[in-house]
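Chemist: One-letter residues, chain by chain:
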Amino acid sequence: MAVYAAARVVEHNALVFRRLWRGSLTVSFFTPLFFLASMGLGLGGLVNRGSGGVGGVPYIDFLAPGLLAAVTMQTAAFECTYPLLGKIQWDHIYDAMLATPLAVRDLLLGEIAWIALRMLLVASIFWIVMALFGVAHTPESLLAIPAATLTGLSFATPLIAFTSTQKNDNVMSAIFRIVITPLFLFGGAFFPISRLPGVLQAVAWATPLAHGVALSRGFVLGNLATKEAAVHVLVLLGYTIVGAVIAQPLLARRLVK
Amino acid sequence: MTTQDPDFAPLISARSLCKRFGELIAVDGIDFDVARGEAFGFLGPNGAGKTSAMRMIASVSPITSGTLRIFGKDPARHGVEIRARLGVVPQADTLDLELTVRENLIIFARYFDLPWAVGRKRADELLEFVQLTERSKDKVDDLSGGMKRRLTIARALINEPDLLLLDEPTTGLDPQARHLVWDRLYRLKQRGTTLVLTTHYMDEAEQLCDRLVVMDKGKIVAEGTPRELIEHSTRPRRSWNFVSSATSHRISIIGWTGWSSERRCCPIEFCCTRPTEMRLWPRCTDSGSGPKAPSCAAARSRTCSSG
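Chains as they are written, first to last, in this note's numbering: chain A, 2 to 258; chain B, -13 to 293.
Simulated from the structure, these hints should not be mistaken for laboratory data.
A few of these clues could be false.
To be verified - Which chain B residues stay away from chain A? Per the calculated CB distances, all over 10 Å, these:
#1 2
#2 80
#3 84
#4 106
#5 111
#6 187
To be verified - Below, in silico cross-link-like pairs of lysine-lysine (DSS-like), each with a Cα-Cα straight-line distance of 27 Å or less:
#7 88/A - 123/B
#8 203/B - 258/A
#9 88/A - 125/B
#10 258/A - 123/B
Bear in mind that the values here come from a model prediction, so they are computed numbers and not experimental data.
C-beta atoms are modelled at their ideal positions from N, C-alpha and C, and glycine is treated no differently.
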């Protein structure tokens, strides 16, 4: 029963997305295109000449899969904060939905499923851009798509839990300033984490993004050992599941008065 | 509860129903029954507990204590089944602003597991019923308040509910919109839908309801038919002529124990069916014993702000 009810939430989101898909697809295509062209090729040319790439790998090949994971993190972060608060607090649309046979558990499941679908889409388009640049050219590289999706989910569920507790967007913007943007920049997408000072390396590896970047990069470059991959997947799954488990009672407390 | 012919068992039954939010007691032990097919009203000022009572009936707000049965079922255990047969028109329009008028109805049908084709068909029928067919492709944001309310009512009917709950259905609407809503609700009643509504307008209660309870501060302070309530509480009755600065308005003061107008700007508790901006100089025309009036000799001026 929960599966069917959750599916309604996915349908609802899809119906809204029908109006937005063109703009969304355009952004999902041109963002990686511009980043990979400017930083991958433009900046990358300098990096390659200066230090022979990153550990022998041309900069664009290093950058692209890392950026893929970072962009899905950003997508998840945005979707699970402001729009979610809007549904809870400003439009009260969740109140209307919960007046039907839908339960909070179904609502949560449905929103998570929808976010996952959105990120699959974003990641797939990114992969296509990577293929256009010649970065992704093996069947194994396709695994970067689910890897990036899982990375996004590992941020999505904790952020859903967080947003459920918020009455306004003040702390939300702080989260973007203090967590999301720094992770985007220093989380391993643009340069190896090993270049960070020791303490910060530990901090970076504690976050899901570092693992998502490593996983995604490993699949695209084809240099990931199975054991390492398993560790990365477990960390990402761990964040996702713990986030969902915490989100359920928090969301229920917020919506059921 | 005794076993009876299910057709005669009350659709909603509450005993000692309570709702508490921390220290605040919103609903303080109320008893009521709603029979199938009747139009039942909760009347009272803001803060009386009407909305809290409605949310408990809608099975979206857990009860604090007491018993509540809807369709004979306990909302704590059978909330999903109860909600499947309800229609809810909340006080605030909770429409999806990202979707069009028609899409709002169609997607809502899905939450009741209706097939897409059925949802589309019912959506068109309901848009006809609330006279919004010409606006079906518009974004909800472009609608007026009265249209949004009509859409919310249409949405509440998408699952052909046995019971329709309306929280202050015409608050904030202009008179024309109000009458359209009343007319539609009356038609629903004629078709056999049970209506439960809250209101703080006596004229709405009179128009729509077969029976009313009056709530104040979480308790039921009076119940009966609209006629009964008016007649009962106007014994004794006293009327004053109020001279406003523009024209003369006669307003009947109903000495109603336990119910006060929200804007307690006048010295006596009363209900205005049409609260408007005016100055009052009470001049007694004594027509019987009743609640103590302010001194008739003194010309006293009070300003009632419009409700």
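Chemist: Now tell me if each hint is right for this structure.
Modeler: Each hint, compared with the structure:
Listed as a non-interface residue, residue 2/B keeps its Cβ farther than 10 Å from every Cβ of chain A; the least gap is roughly 21 Å. Residue 80/B, annotated as away from the interface, has a beta carbon of chain A within 10 Å; the closest lies near 4 Å. Not every C-beta of chain A lies more than 10 Å from that of residue 84/B, the closest at about 5 Å, which undercuts listing it as non-interface. With 10 Å as the threshold on Cβ separation, the claim that residue 106/B sits away from chain A holds: the shortest Cβ distance comes to roughly 13 Å.
At the 10 Å boundary, the C-beta of residue 111/B stays outside the reach of chain A, the nearest C-beta of that chain being 19 Å off. No Cβ of chain A comes within 10 Å of the Cβ of residue 187/B; the nearest lies about 23 Å off, and the non-interface call holds. For the suggested pair residue 88/A and residue 123/B, the alpha carbons sit about 22 Å apart, so the restraint of at most 27 Å is met. Proximity of residue 203/B to residue 258/A is assessed by CA-CA distance (about 19 Å); at most 27 Å being required, the pair is judged to hold.
A hinted pair counts as satisfied when its Cα atoms are at most 27 Å apart, and residue 88/A with residue 125/B qualifies at roughly 17 Å. A C-alpha spacing of about 34 Å is found between residue 258/A and residue 123/B, which places the hinted pair above 27 Å, so the restraint is violated.
Hint violations for this structure: numbers 2, 3 and 10, all remaining hints satisfied.
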